[in-house]
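Heads up: the protein sequence lines correspond to chains R and E, in order. Counting from 1, position 68 in the first sequence corresponds to residue 68 in the numbering used here; the numbering is continuous, with no gaps. Counting from 1, position 86 in the second sequence corresponds to residue 224 in the numbering used here; the numbering is continuous, with no gaps.
Do not rely on the hints blindly, as some may be mistaken.
Here are the computed lysine to any residue pairs in the SDA-like style, where the Cα-Cα straight-line distance is at most 20 Å [unchecked claim]: (1) R/Lys9 with E/Met139; (2) R/Lys55 with R/His36; (3) R/Lys78 with E/His192; (4) R/Lys55 with E/Gly273; (5) R/Lys55 with R/Arg31; (6) R/Lys55 with R/Ser28; (7) R/Lys121 with E/Arg189; (8) R/Lys121 with E/Arg193; (9) R/Lys98 with E/Trp271; (10) R/Lys30 with R/Ser60; (11) R/Lys121 with E/Leu185; (12) R/Lys55 with R/Lys121; (13) R/Lys78 with R/Gly16; (14) R/Lys121 with R/Asp134; (15) R/Lys9 with E/Arg193; (16) R/Lys121 with E/His192; (17) R/Lys121 with R/Tyr65; (18) R/Lys121 with E/Pro178; (19) R/Lys35 with R/Asn114; (20) R/Lys121 with E/Pro204; (21) R/Lys9 with E/Ala274; (22) R/Lys121 with R/Asn26; (23) R/Lys98 with R/Lys35; (24) R/Lys9 with E/His192; (25) R/Lys121 with E/Pro164; (26) R/Lys78 with R/Thr113; (27) R/Lys9 with E/Asp236; (28) R/Lys9 with E/Gly273; (29) R/Lys9 with E/Ser275; (30) R/Lys30 with R/Pro99; (31) R/Lys121 with E/Asp236.
No wet-lab data here; the hints were simulated from the structure.
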Amino acid sequence: MTTSPTHGKATFISVGGSDISRWTDNSSLKRAADKHEITGYGDDGHEYADGLGLKAHTFSCSGWYDTTATTGTAAVLKGQEGQRLALVRRVEGTGTGKPAEAFNAVMDDYTETNPVADIVKWAASFTVSGVITDSTQS
Amino acid sequence: MNLVAVYERLDARLATIDGLRHSPFPPAAVNVPHAFPEWPDGPDYDLSYDRGLHRLTVPVRVVVCPLGSVDRAAFAAVSAYANATGERSVKAALEADDDATEFQVIAVTRASFGVVTIAAIDYYSASFDVTIWIGAS
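Please model the entire structure based on the sequences and the hints provided.
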């Protein structure tokens with residue numbers, strides 16, 4: 001059996017059409033599902049249907065605050081709370097044959113953090129709206 | 139990231155301190171008072187995706203006087219260099235260059251004092267911990 005890891009440094013993230021990769025240092029896409037309960041009288045444990053629940057995906061990302069006026073953190077993310085945005089994630093980086101995920105998501109929160117002994121950081125959380133479209137980069 | 143350009147930028151900032159001799163790299167010999175950046179710790183690469191941010195820690199050394207000639211004037215001089223503010227403050231001189239072309243953030247976080255040997259001569263000196271963040275260009 002062969003194995004082949006991939007390094008996180010190549011990850012690509014765009015939000016609302018803006019590439020935020022260079023000021024992002026961590027991101028997480030959680031694919032989750034609601035459960036559709038079908039428990040009836042006489043069952044000894046909860047029973048759940050197979051494949052009937054809605055998807056309930058979430059996405060979060062964080063990084064360092066880029067001050068660039070038109071393409072920086074404030075220009076792209078700040079004030080977008082509650083907005084439905086188009087996101088693209090390339091978990092293995094950019095390149096022909098590598099996977100890509102595209103989805104719409106509502107920004108739940110955006111946080112700026114100012115430690116006294118480090119550069120300014122930011123973090124944002126999203127709830128996926130609809131489905132995640134998986135594709136292969138061409 | 140161009141280390142030579144970063145070091146020359148640090149040297150240019152040290153040049154703004156009146157009366158302080160300076161070099162953009164560790165010299166073979168010094169003529170006190172003399173300041174220069176020593177070899178870096180790092181770079182720490184890939185602090186964000188797509189080579190978006192790197193970090194460099196550079197000790198900046200200020201050689202004040204030969205060890206045998208430490209006196210009140212030498213102590214006053216090194217005190218001025220170690221001050222957080224003022225015309226001779228190394229911290230103020232270096233941090234005035236925030237958002238330079240060669241790097242985007244610079245922070246002088248600590249000073250320490252001790253003896254350094256250069257060209258077989260022991261000197262009293264101060265060393266400043268300088269952290270530099272370099273974004274993608």
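Checked hints:
For the suggested pair R/Lys9 and E/Met139, the alpha carbons sit about 17 Å apart, so the restraint of at most 20 Å is met. As the CA atoms of R/Lys55 and R/His36 are separated by approximately 11 Å, the hinted pair is consistent with the 20 Å bound. Restraint check: the Cα-Cα separation between R/Lys78 and E/His192 comes to about 24 Å, which exceeds 20 Å; the hinted pair is violated. For a cut-off of 20 Å, the pair hint linking R/Lys55 to E/Gly273 is broken: about 38 Å separates their Cα positions.
For the hint linking R/Lys55 to R/Arg31, the alpha-carbon distance of about 8 Å falls within 20 Å, and the restraint holds. The hinted pair formed by R/Lys55 and R/Ser28 meets the criterion: a straight-line CA distance of about 16 Å does not exceed 20 Å. A threshold of 20 Å between alpha carbons decides the hint, and for R/Lys121 with E/Arg189 the separation of about 17 Å falls inside it, so the pair holds. Taken as a hint, the R/Lys121 and E/Arg193 pair is honoured in the structure, with Cα atoms around 15 Å apart against an allowance of 20 Å.
Between the alpha carbons of R/Lys98 and E/Trp271 the distance comes to roughly 31 Å, so the proposed pair goes past 20 Å and is violated. Simply put, R/Lys30 and R/Ser60 have alpha-carbon atoms about 9 Å apart, close enough for the 20 Å limit, and the pair holds. Taking the CA atoms of R/Lys121 and E/Leu185, the gap is near 12 Å; set against the 20 Å cutoff, the hint holds. Simply put, R/Lys55 and R/Lys121 have alpha-carbon atoms about 30 Å apart, too far for the 20 Å limit, and the pair is violated.
Of the pairs offered as hints, the one joining R/Lys78 and R/Gly16 holds, with about 12 Å between alpha carbons and a cut-off of 20 Å not exceeded. Straight-line distance between C-alpha atoms of R/Lys121 and R/Asp134 comes to about 30 Å, which puts the hinted pair past the 20 Å bound. Taking the CA atoms of R/Lys9 and E/Arg193, the gap is near 15 Å; set against the 20 Å cutoff, the hint holds. Of the supplied pair hints, the one linking R/Lys121 and E/His192 holds, its CA atoms being roughly 15 Å apart against a limit of 20 Å.
Simply put, R/Lys121 and R/Tyr65 have alpha-carbon atoms about 5 Å apart, close enough for the 20 Å limit, and the pair holds. With a CA separation close to 25 Å, the supplied pair R/Lys121 and E/Pro178 exceeds the 20 Å bound. Our distance criterion of 20 Å between C-alpha atoms is broken by R/Lys35 and R/Asn114, whose separation comes to about 39 Å. Restraint check: the Cα-Cα separation between R/Lys121 and E/Pro204 comes to about 44 Å, which exceeds 20 Å; the hinted pair is violated.
Among the hinted pairs, R/Lys9 with E/Ala274 is consistent with the structure: their alpha-carbon atoms are about 14 Å apart, no more than 20 Å. Between R/Lys121 and R/Asn26 the alpha-carbon distance is near 11 Å, which keeps this suggested pair within the 20 Å criterion. The hinted pair formed by R/Lys98 and R/Lys35 fails the criterion: a straight-line CA distance of about 31 Å is larger than 20 Å. For the suggested pair R/Lys9 and E/His192, the alpha carbons sit about 12 Å apart, so the restraint of at most 20 Å is met.
About 34 Å separates the Cα atoms of R/Lys121 and E/Pro164, which puts this hinted pair outside 20 Å; it is violated. Among the hinted pairs, R/Lys78 with R/Thr113 is consistent with the structure: their alpha-carbon atoms are about 13 Å apart, no more than 20 Å. A C-alpha spacing of about 26 Å is found between R/Lys9 and E/Asp236, which places the hinted pair above 20 Å, so the restraint is violated. Distance restraint check for R/Lys9 and E/Gly273: the Cα-Cα separation of roughly 15 Å lies within the 20 Å cut-off, and the hinted pair is therefore satisfied.
At roughly 17 Å between alpha-carbon atoms, R/Lys9 and E/Ser275 fall within 20 Å of each other, so this suggested pair holds. Restraint check: the Cα-Cα separation between R/Lys30 and R/Pro99 comes to about 16 Å, which is no more than 20 Å; the hinted pair holds. Distance restraint check for R/Lys121 and E/Asp236: the Cα-Cα separation of roughly 18 Å lies within the 20 Å cut-off, and the hinted pair is therefore satisfied.
Checked against the numbered hints given earlier, this structure breaks hints 3, 4, 9, 12, 14, 18, 19, 20, 23, 25, 27; the rest are met.
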